[in-house]
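Colleague: In terms of my numbering, the sequence shown is residues 181 to 247.
Among these hints, one or two may not hold up.
Cut-off 25 angstroms, straight-line C-alpha distance, at most; resulting in silico cross-link-like pairs (SDA-like, lysine to any residue) [what the hints assert, rightly or not]:
hint : residue 1 : residue 2
1    : K238      : A197
2    : K221      : D209
3    : K238      : E213
4    : K222      : D200
5    : K236      : F217
6    : K238      : H203
I should point out that these hints are in silico values taken from the structure, not numbers from a laboratory.
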Amino acid sequence: MSNSYSLPSILVSQIEALVDSGHFSSRSDVVKEALRFMLEKKNHLKYASAVGMYKKGKATLTKGAEI
Numbered sequence: 181m182s183n184s185y186s187l188p189s190i191l192v193s194q195i196e197a198l199v200d201s202g203h204f205s206s207r208s209d210v211v212k213e214a215l216r217f218m219l220e221k222k223n224h225l226k227y228a229s230a231v232g233m234y235k236k237g238k239a240t241l242t243k244g245a246e247i
């Protein structure tokens with residue numbers, strides 16, 4: 181699945197620098213890691229995303245509990 185998001189130019193530059201320096205293989209990998217880290221550190225956001233996914237029919241109660 182492909183999505184498009186707008187980011188401030190400073191974030192784009194930082195993402196590109198992380199890829200160019202070899203820390204990540206792609207811009208998508210940088211964003212995925214950043215989101216994983218955020219959801220790991222901020223449990224309330226992880227739970228909010230699970231509830232939102234359940235409400236949209238994108239997750240079952242079991243999957244929501246796993247999240």
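Colleague: Run every hint past the structure and note whether it holds.
Modeller: Hints, verified against the model:
1. K238 x A197: violated (34 angstroms)
2. K221 x D209: Since the Cα atoms of K221 and D209 sit roughly 18 angstroms apart, the hinted pair holds (cutoff 25 angstroms).
3. K238 x E213: holds (21 angstroms)
4. K222 x D200: With Cα atoms ~29 angstroms apart, K222 and D200 exceed 25 angstroms; violated.
5. K236 x F217: Within the cut-off at roughly 24 angstroms; holds.
6. K238 x H203: With a Cα-Cα distance of about 32 angstroms, the restraint between K238 and H203 is violated, given a limit of 25 angstroms.
The structure shown violates the earlier hints numbered 1, 4 and 6.
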